[in-house]
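**Student:** Letter by letter, the chains look like this.
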Amino acid sequence: MDKLRRIVLRGIGSGGALAAALAAGVLKPTQVLAAEWNKSAFEAKDLAGALRGLNASNAAESRDILFRAPDIAENGAVVPIDISSNIPNTTSIAVLVEKNPNALSAYFDFTSGALPDVSLRLKLAQTSMVKVVVKADGKFYTVQKEVKVTVGGCGG
Amino acid sequence: MAEPMKIRAQMKGDSADIRVLMSHPMDTGQVKDAKTGQTIPAHFIQQVIVSVGGKVVVEGQIGTAVSRNPVFGFKVKGVRAGDKVVVSWTDNKGDKRSDEAAIV
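Chains as they are written, first to last, in the working numbering: chain A, 1 to 156; chain B, 1001 to 1104.
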């Protein structure tokens, strides 16, 4: 009995306190405010790290995401892309560029009547896979496309 | 201070097409100034919020990989011509800008 108590207390003392704080909602890992900039995802150096930052590591391939990007971009500094999701209850769209210094490029949350549809212009450092990750009903879906770059977007 | 944004909001069928052009250098912090050889510090928009008729419809977080002078397009349904569209951004240095337009 006493031994168990020791173990429990020790557990709380180390990682337990943090876990308890998380559970209680005192510290929310990625969002202290509704739209706190997701530093861990945006500053991740690779695709896997960025996906972890979005909690989207296990996104499933989907054909219901329409993703338009040029096959060849003459200028990597301005690559227009267009995304819309036909997956019901899509709540967010993220865009990641695999070979950029930081993979995550943009992340959008849609509420109150906004259609899950966004267009924007990206910088691509070099020819790369561009990956779109969509969140719908708490699940993640993805689609990707390679964009060839003839002049990089990050040169001097 | 940053230049005003250009916002165009137009009804197309039952949804509004909102296009925004922001004026911002979007420096990545990885480019060296050709003259001085100094790295240009990162200076980029981090947060974009679009609201229509007082309700937030899109909350975006963006990184350095968005092109200089960012352009975004969004679609919103359940809105009407005349509704006010407000777009605001905040960058990594704490600069802010907010502009508005009416849906036509």
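Hints are computed from structural coordinates only; laboratory data are not their basis. Any given hint could be a false lead.
Said to hold, decoys possible - Keeping only pairs whose Cα atoms sit at most 20 Å apart, straight-line, the calculated SDA-like set for lysine to any residue is: (1) A:K45 <-> B:V1031; (2) A:K99 <-> B:R1068; (3) A:K39 <-> B:G1029; (4) A:K99 <-> B:G1029; (5) B:K1077 <-> A:K45; (6) A:K45 <-> B:D1099; (7) B:K1077 <-> A:T90; (8) B:K1032 <-> A:L115; (9) A:K99 <-> B:V1031; (10) A:K39 <-> B:K1077; (11) B:K1077 <-> A:T111; (12) B:K1006 <-> A:S119; (13) B:K1032 <-> A:N89; (14) B:K1055 <-> B:D1099; (15) B:K1077 <-> A:S119; (16) B:K1055 <-> A:K99; (17) B:K1012 <-> A:S119; (18) B:K1055 <-> A:N75; (19) A:K39 <-> B:K1055; (20) B:K1093 <-> A:E43; (21) B:K1077 <-> A:P88; (22) B:K1077 <-> A:P101; (23) A:K45 <-> B:K1012; (24) B:K1077 <-> A:S84; (25) B:K1055 <-> A:N89; (26) B:K1012 <-> A:E43; (27) B:K1032 <-> A:K39; (28) B:K1055 <-> A:E43; (29) A:K45 <-> B:Q1030; (30) A:K45 <-> B:G1029.
These figures come from a predicted structure and were not determined experimentally.
**Student:** For which of the previously enumerated hints does the structure constitute a violation, in increasing order of number?
**Tutor:** Of the numbered hints given earlier, those the structure breaks are 5, 6, 8, 10, 13, 16, 18, 19, 22, 23, 26, 27 and 28, listed in rising order.
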